[in-house]
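Asker: Below are the chains, spelled out letter by letter.
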Amino acid sequence: MEPIEIRFNIDWPGFSLAVDEQLPGRGVTALFGHSGSGKTTLLRCIAGLVRAPKGRLVFQGKVWQDDSTWVPTHRRSLGYVFQEASLFPHLTVIGNLRYGQKRAPADIPAEQRVSLDQAIDLLGIRPLLDRKPDRLSGGERQRVAIARALAVSPRILLMDEPLAALDLARKQEILPYLERLHDELAIPVLYVSHAPDEVARLADHLVIMDGGRVLASGPLAATLARLDLPIRLGEDAGVVLEGRITERDTRWHLLKVDCGGVDLWVRDTGVPTDHPVRVRILARDVSIVLAPVEGTSILNTLPARILSLGEDAHPALALVQLQAGQSTLLARLTHRSADHLRLAPGLPVWMQIKAVALL
Amino acid sequence: MLLTDNDLQSIWLTLRLAGIVTVILFLVGTPIAWWLARTRSHWKGPVGAVVALPLVLPPSVLGFYLLVTMGPNGPVGQLTQALGIGLLPFTFWGLVVASVFYSLPFMVQPVQNAFEAVGDRPLEVAATLRASPLNAFFTVALPLAAPGFLTAGILTFAHTVGEFGVVLMIGGNIPGVTRVASVQIYDHVEAMEYSDAHRLAAVMLIFSFLVLLVLYLWRPSPKNT
Chain A
1 MEPIEIRFNI DWPGFSLAVD EQLPGRGVTA LFGHSGSGKT TLLRCIAGLV
51 RAPKGRLVFQ GKVWQDDSTW VPTHRRSLGY VFQEASLFPH LTVIGNLRYG
101 QKRAPADIPA EQRVSLDQAI DLLGIRPLLD RKPDRLSGGE RQRVAIARAL
151 AVSPRILLMD EPLAALDLAR KQEILPYLER LHDELAIPVL YVSHAPDEVA
201 RLADHLVIMD GGRVLASGPL AATLARLDLP IRLGEDAGVV LEGRITERDT
251 RWHLLKVDCG GVDLWVRDTG VPTDHPVRVR ILARDVSIVL APVEGTSILN
301 TLPARILSLG EDAHPALALV QLQAGQSTLL ARLTHRSADH LRLAPGLPVW
351 MQIKAVALL
Chain B
360 MLLTDNDLQS IWLTLRLAGI VTVILFLVGT PIAWWLARTR SHWKGPVGAV
410 VALPLVLPPS VLGFYLLVTM GPNGPVGQLT QALGIGLLPF TFWGLVVASV
460 FYSLPFMVQP VQNAFEAVGD RPLEVAATLR ASPLNAFFTV ALPLAAPGFL
510 TAGILTFAHT VGEFGVVLMI GGNIPGVTRV ASVQIYDHVE AMEYSDAHRL
560 AAVMLIFSFL VLLVLYLWRP SPKNT
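Residue numbers (the working numbering), protein chains in the order written: chain A, 1 to 359; chain B, 360 to 584.
The set of hints was computed from the structure by calculation and includes no laboratory data. This structure is a prediction, so every number in the text was calculated from the model and none was measured. Positions of the beta carbon are idealized from the N, C-alpha and C atoms, including for glycine. Any given hint could be a false lead.
[Stated by the list, open to error] Only part of the chain A face toward chain B is listed, based on derived beta-carbon distances under 7 angstroms:
#1 Leu49
#2 Thr69
#3 Thr73
#4 His74
#5 Tyr80
#6 Tyr99
#7 Gly100
[Said to hold, decoys possible] Here are some of the chain A residues that sit facing chain B, going by a computed Cβ distance under 10 angstroms:
#8 Arg75
#9 Phe88
#10 Pro105
All chains, full assembly: derive it from the sequences and hints.
Answerer: Here is the structure:
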């Protein structure tokens, strides 16, 4: 898949955006940043809802915007999910779905075409079809909005914080559907979010934005493991590792997950054994010892080698980048401890991992 | 029969005038309201003020300017003469033209408010669902603004029925052509026919009350999306 070329410069009073990037043409790319970082504006520029002067946007070989070209939103092959579901209140659920579906151009290749039934079943909204939007819960509305965006058979799906307006329970209701989209559809997704847990769970590629600029762009695991960025993530600094289940301990309800040569024990959530999994390890949950400790309650104690040390947001704290197997992890400790243990790049140590979350 | 033939003729003329004016204003007022609701142009203020002028202007002033403009030496009058239509003042169609101006704010303002309440988002959604702007206008903006159109139609119709000063200035008092109900009442009073005036005035009063009653009872409660 060809990358998506984007170049936008906006200079509004109190807000500027300056982006010149290539985004991957496949998988889920998370645009991550605090509010006001420009991530939503960037998404709106890509959709054509905002026209950045002198911008350039090339999608799958088609110029959507440059100095002489402007393709209006309704001629761009995209699906867009807004933060609020924004269903048409005068139409039923099925009416909303058909609105875009019947306007989808006829020349869409068969393998890209999403049928109405497919969209309905992917989001599990078949029982809702005859209802009006005001008779739906917030979670149901957002599922309908996602299905509606899919039913236009887009070449790319743009999602602007689709879960931000929902409470935790509704989020948990929708996340599995988003994972299914990831697994079952081949179209690229740009996913705007300020929630690290959503990004850790869904993204393949991470773009971190701040003040209208891109701070970092790269594969999720590698970008999260960078030492210069976690400062921006605060308490959420940590890494995401991909792995596969190698053992299921039914007595203690634990799973052994092999993440690039690192064996981790995690709680058994009931995922099928052959399913690829992701685990998330926060820097604050990793501590360092020079030799394995006897008599600890900590389940995951692993040998590692120090790659580098860096500063954290607070002057008392240091971030340590560690190599274990082929994986890179982060640990957060005090400068005093680092000095006391004489930590230095290349030093072999043991990591004690207090918590591993299976995503 | 309580009402005289002249009374009935004036009522029929009034309803015909109000109906035609309402239809014309749906066609003329909607684009103006749409533009006013969505534009960021500097002209929004001046245009909005001009549209609202009939709300505060004495009808005789509006009628006077229209009479001069459409008269034999006015620009519109010269145009209509050149087109072979003749002069509009003291004709039914002259009344229609005058009433369109006079009732313009009663159409434009409710519709503009309704369009503003619809907001940008539904139109953006429609664009991402591949609807062209024109298509989105008809399939999203119009249905969502429908209650505003109902209000605007009723107000325009009722306001045109109640017009008097402009009619007198531009239409005079020609039976069957420009003598609408309000003018007919005036005539009755001038001729000291108080009982005739009473009957027709009562009809107008009941009509106006019913129209407003319908408006207040039918006004739909705001829907949450």
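Asker: Can you list which hints this structure breaks, lowest number first?
Answerer: Violated hint (a single one): 2; every other hint is consistent with the structure.
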